[in-house]
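**Q** Dock chain B against the given chain A, drawing on the hints supplied.
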Amino acid sequence: MRPISPTLRSTLTNAWLAGPATLALLAFIFVPVTIVAVLSLTDYQFGARSFGWVGLDNYGKLFGSTLGRRAITNTLIYAAIVIPVSVGFGLLVAVGLFRMSDWAPRLSNVLRSVYFLPVAATLVAMSVSWQMMLHPSLGVVNQTLIAIGGTPQNWLSDRGLVLYTLAVIGIWQSIGYNMVLFLAGLAAIPADLYDAAEIDGAGGNWSRFWTVTWPLLGPTTLFVLVITATNAFRVFETVATLTKGGPAFASDTLVYALYREGFIYFKAGYASAITMVFFAVLLTLTLIQFRLVERRVHYR
Amino acid sequence: MTASRALGRLASLALLLLGAFAILLPFIWMLSLSVKPQDEIFSATFQLIPSRLEWQNYVKALTETDVPRYLLNGVIVTAGILFFQILFAVPCAFALTHRTFKGRTALFGLILAALLVPFHVTAIPVFLGFAQIGILNSYWALILPFVPTAFGIFLFRQFLSQIPADLFDAARVDGLSETAIVWRIAFPLAMPAATAFAIFSVTAHWNDLFWPLIATTDPDLATPPRGILFFRDEESGDDVGPLMAAATLITAPLVIAFLLAQRKFTQGLATGGLKG
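Line by line, the protein sequences give chains A and B.
Here our numbering is used: the first residue of the first sequence is 1, the next is one more, and so on.
Here our numbering is used: the first residue of the second sequence is 1001, the next is one more, and so on.
Excised from the complex, chain A in its bound form (with noise of 0.2 angstroms):
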């Protein structure tokens, strides 16, 4: 028997390394995104043995109707409240902490830990956690209200409260998120900036944070909202839990309508549409990303 040559044998232990990762890939992620963005030209519906193109009809839908509006405008004023308050709380209190490590390290420590808690935990389990808390009359947060003599609300079928309860759930689980970032961006700032800072007058806190702190947290903070805008628009286990969209649409977002027209309705076309729609907006925002750690990684 011929041996096998040297090269053909290289040949063959790379394809025994790289190509099922590789076949992986094409199968689980290239292929797919390929068949969605061909099915958003269809009618298609699960199930169904044949399928008629309909153009953009489905991306009309989308955009004309006041359902898909509804799911596009609650998305943009979801992210529109959560990515700056989120980012605000999260930088605040890194700053708090990060400071506070000087006079009271043990202290700082544990409520770093608190304050990334929702991040580690189970969101679904905690939303149900927040759906006892948000109880109409059992819940803490109305008796906290009766007792101090306000008006009792209700938060999760509400129309006009609903979609700023949900705002108020994702802030509560990623301000801790953005807390660790900009503590590891306050920690790369050499100390003796700030003594060179106190040398030119700025000694007071106020003044330190506005020459120092914060021109040299610029790039932390970009990267720290793309991130936090990222995972606004994929928001869905709240709605999920909480409001599967309602009431009467009022907590609908891009990818709930997503798994509702899909995977409820079988909708495959339509749902097709809106995810292509929900991709574009999130590889606008990874795209950003990648060009930011490409530059935090050269200025390093």
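Just so you know, these hints were derived from the structure itself, not from any lab.
Just so we're clear, the structure is a prediction, and the values are computed from it rather than from any experiment.
Glycine included, each C-beta is placed from N, C-alpha and C at the ideal position.
Check before you lean on any hint, since a few could be wrong.
[Claimed, not checked] Only pairs whose alpha carbons sit at most 25 angstroms apart, straight line, appear in this in silico DMTMM-like list of lysine to aspartate or glutamate:
| # | chain 1 | residue 1 | chain 2 | residue 2 |
| --- | --- | --- | --- | --- |
| 1 | A | 244 | B | 1220 |
| 2 | A | 244 | B | 1233 |
| 3 | A | 267 | B | 1218 |
| 4 | B | 1060 | B | 1218 |
| 5 | B | 1264 | A | 102 |
| 6 | A | 244 | B | 1235 |
[Said to hold, decoys possible] Label-pair ranges, simulated between beta-carbon atoms:
| # | chain 1 | residue 1 | chain 2 | residue 2 | range |
| --- | --- | --- | --- | --- | --- |
| 7 | B | 1039 | A | 206 | 45 to 55 angstroms |
| 8 | A | 45 | B | 1260 | 41 to 51 angstroms |
| 9 | A | 19 | B | 1230 | 38 to 48 angstroms |
| 10 | B | 1028 | A | 19 | 48 to 58 angstroms |
| 11 | B | 1163 | A | 157 | 54 to 64 angstroms |
| 12 | A | 104 | B | 1260 | 18 to 28 angstroms |
| 13 | B | 1039 | A | 145 | 16 to 26 angstroms |
| 14 | B | 1113 | A | 145 | 43 to 53 angstroms |
| 15 | A | 157 | B | 1112 | 43 to 53 angstroms |
**A** Showing chain B alone in chain A's frame:
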């Protein structure tokens, strides 16, 4: 220390404690309800601390409901996903860093491109495909879509590229096969990357609701988040104590793991954010 500085510290301490309390409240509320007797849950007056501890809620959740099943499913699914992810990603990352072959750059480009695709985007075609071959409603349906992990390959590639090639050349001289080099030398060296990846992967898939909601309808296959929704929708409001005990049991594994290995967890989950 000046008085104004002390006052500043006091103010920031007060605010940070207030914020921490707000963050903890859903956890405290969950624990409190999970050990409250039924009548106190439904009393109109507000008590955070129950008059007596009702452990029966936990007993009920563990013996009369499917919660143990959900926890077991969670372990099977997250462990299955992690096992196959590492099995596929490490050899690929090794080939990308310590072997030269035609198409290596193209393959890396493919991996970067795959990083741009959120899982939600592939859900419809994957569901269609699984329906076609009839594996919906199985553990495989929950595990397979997550096996190709561009993020994992990327992470291992970053790590392995920092390991000097001499090390692997020496092993080759000793007569080790490339497969043996991957698993007996490269993988143990890449343990820090593997730990960070494992934390990220297990947390993401233990907590995921989107795909289990789509791929399975059988309650026997429910992962913890899916399972607790089954439980909640069945109990219709009169079994709040056991429901909150179930929520606690489902949240506990990751929270305890986080408290035991905080630095590793924070690192793992923060790295995961790069995935977007």
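**Q** Any hints from earlier that this structure breaks? Give me their numbers in increasing order, please.
**A** Every hint satisfied by this model.
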